[in-house]
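Please take these sequences and the hints and turn them into a complete structure.
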Amino acid sequence: MQPFSIRSYPRAILHFDGDSFFASVEQAMNHRLRGKPVVTGGERGAATALSIEAKRLGLTRGMPMKQIRELCPEVIVVKSDYTAYSIYARRMYAIVRRYTPMVEEYSIDECFADITGLRGMYHRSYAQIGEMIKRELEESLGITFGVGLAPNKVVAKIASKHRKPGGFTAIPAKEVHTFLQNMPIGQVWGVGYSMQMALHKLGVTTALQFATKDEQWLRANKIAKPYREIWWELRGGFAKELSLTHNDDIGSIIKTRTFAPPTRERAFVLSQLSKNIESACAKARGHHMRPRAVSFFLKTQDFIYRTCELDLSVATNDPAVILRLVEAHFDRVFVPNILYRTTGITLRNLVEEGAATLDLFGEAQVVNERQPILTAVDSLNKKYGKETVILAASLKAVNHLEPNKQRNMTTRTSKVHLPLEQRKKTIDLPYLGRVR
DNA sequence: TCTGGGGTCCTAGGACCC
DNA sequence: TCTGGGGTCCTAGGACCC
-1 MQPFSIRSYP
9 RAILHFDGDS
19 FFASVEQAMN
29 HRLRGKPVVT
39 GGERGAATAL
49 SIEAKRLGLT
59 RGMPMKQIRE
69 LCPEVIVVKS
79 DYTAYSIYAR
89 RMYAIVRRYT
99 PMVEEYSIDE
109 CFADITGLRG
119 MYHRSYAQIG
129 EMIKRELEES
139 LGITFGVGLA
149 PNKVVAKIAS
159 KHRKPGGFTA
169 IPAKEVHTFL
179 QNMPIGQVWG
189 VGYSMQMALH
199 KLGVTTALQF
209 ATKDEQWLRA
219 NKIAKPYREI
229 WWELRGGFAK
239 ELSLTHNDDI
249 GSIIKTRTFA
259 PPTRERAFVL
269 SQLSKNIESA
279 CAKARGHHMR
289 PRAVSFFLKT
299 QDFIYRTCEL
309 DLSVATNDPA
319 VILRLVEAHF
329 DRVFVPNILY
339 RTTGITLRNL
349 VEEGAATLDL
359 FGEAQVVNER
369 QPILTAVDSL
379 NKKYGKETVI
389 LAASLKAVNH
399 LEPNKQRNMT
409 TRTSKVHLPL
419 EQRKKTIDLP
429 YLGRVR
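Here my numbering is used: the first residue of the first sequence is -1, the next is one more, and so on.
Since the hints were made in silico from the structure, they are not lab data. A few of these clues could be false.
[Said to hold, decoys possible] Pairwise CB distance ranges, derived in the manner of DEER restraints:
(1) THR243 / THR114: 16 to 24 Å
(2) SER311 / ARG96: 40 to 48 Å
(3) GLU137 / ARG42: 31 to 39 Å
(4) THR114 / LYS220: 48 to 56 Å
(5) LEU216 / THR114: 22 to 30 Å
(6) ILE4 / PRO182: 46 to 54 Å
(7) ASN379 / ARG67: 27 to 35 Å
(8) GLY249 / SER78: 40 to 48 Å
(9) LYS159 / SER84: 20 to 28 Å
(10) LEU116 / ASP309: 44 to 52 Å
(11) ILE252 / SER78: 12 to 20 Å
(12) GLU307 / GLN369: 48 to 56 Å
(13) THR81 / LEU200: 41 to 49 Å
(14) HIS29 / LEU216: 50 to 58 Å
[Claimed, not checked] For lysine-lysine, the following PhoX-like pairs were computed, each having C-alpha atoms within a straight-line distance of at most 25 Å:
(15) LYS162 / LYS281
(16) LYS34 / LYS77
(17) LYS223 / LYS34
(18) LYS162 / LYS238
(19) LYS211 / LYS199
(20) LYS53 / LYS159
(21) LYS199 / LYS162
(22) LYS211 / LYS238
(23) LYS220 / LYS238
Built from N, CA and C at the ideal position, the CB exists for glycine as well.
Have a look at this one:
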């Protein structure tokens, strides 16, 4: 079973997983929520995260709030507060980094740490080091964690999940197989629906069955690299390095939005895209990054994607420039008389602001001259709220409200009853075009 | 799978070159 | 311009994750 070693931890990898993270952060911040069933996701009408108390009532993720309120009127529903959640995430990373710099910020509620070789320094076993970090996380954050120790990331994930909430599980290399025996292959990290189906066809249904195949079998069945790595780690080996890059050096920015009902109207779809471009650019500015390429996509009602990739002659986070380019190529993906439900934009090849080089025709100069205007737009939007200043092209999208929001709006403003367009002024500004 | 939004990584295949 | 063989770079799209 072991690929190369009978030692317990040739590498010692920890995985930390915050229990019911969003709901736990809410409870940590507000003592009145502690010990009570709390559900986040109030703003979208479906449960995003549930406190342990809420889970005990039989509620699950994705459940509509309406149903939740009917089932359990005592449940406390709160809106998601992603700013708070990411502050807690950063605290979590910072605490783990006090023990080792080898930390991967995997997601808002999870991280990996490599503590190989640190036993001497802490005069403790790997398991004791793991429990020490776990204790400090829980005491400082007021949130419990599922923690796993294993020779690699794939098994550490299995370990941290093993005794949730609040558990610690150590799986040395020679004991890995006992955890794989009854584990469906689809539950292994990195094996999704389509790989699961492919493996089922090959007669593999449990993680152990996969792990005990030999290399000959992998070759014969053309198992791709990501799955060969998983296979190796399920045998106790080490294949997936930790990614140590700090989470705010991002590689790309994506903004997508689904609207209801789906539409055929070209102008409306383009306007949705325009709005996405604006918010993606605002995010890029917040990171002081500029894309050198973008791609946009449209998704039809039947979940068919059509995408278009475009290079920018000059790196820019100016939405007007990107919108012009996208508009020029829009009809490459937009097919008339098809219902669309989602648009999205990806800003790619991000480079630091200031790192942009001048091109032959001095275009970078023009882009830089517009920067103060964008900065002004950002601060206006910060001061007076999102969407105070927007591109005229995004107007249709911004005025369109989701059905349930619209209902709230009309009940609240039934006496006024102005068409939305008249509620805010539209003025002309040089550079930005029409803004309101 | 029954469908929200934000990301990363891998691979197959085409373009181009020697 | 058919023909080998081999290499690199790029992109579209798939698969997966939280």
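Hints, verified against the model:
no. : hint                        : in the structure
1   : THR243 / THR114: 16 to 24 Å : holds, 19 Å
2   : SER311 / ARG96: 40 to 48 Å  : holds, 46 Å
3   : GLU137 / ARG42: 31 to 39 Å  : holds, 33 Å
4   : THR114 / LYS220: 48 to 56 Å : violated, 33 Å
5   : LEU216 / THR114: 22 to 30 Å : holds, 27 Å
6   : ILE4 / PRO182: 46 to 54 Å   : violated, 28 Å
7   : ASN379 / ARG67: 27 to 35 Å  : holds, 34 Å
8   : GLY249 / SER78: 40 to 48 Å  : violated, 25 Å
9   : LYS159 / SER84: 20 to 28 Å  : holds, 23 Å
10  : LEU116 / ASP309: 44 to 52 Å : holds, 46 Å
11  : ILE252 / SER78: 12 to 20 Å  : holds, 18 Å
12  : GLU307 / GLN369: 48 to 56 Å : violated, 25 Å
13  : THR81 / LEU200: 41 to 49 Å  : holds, 46 Å
14  : HIS29 / LEU216: 50 to 58 Å  : holds, 53 Å
15  : LYS162 / LYS281             : violated, 35 Å
16  : LYS34 / LYS77               : holds, 16 Å
17  : LYS223 / LYS34              : violated, 45 Å
18  : LYS162 / LYS238             : holds, 24 Å
19  : LYS211 / LYS199             : holds, 15 Å
20  : LYS53 / LYS159              : holds, 16 Å
21  : LYS199 / LYS162             : violated, 32 Å
22  : LYS211 / LYS238             : holds, 19 Å
23  : LYS220 / LYS238             : holds, 20 Å
Going down the numbered hints, you'll see the structure goes against 4, 6, 8, 12, 15, 17, 21, while the others check out.
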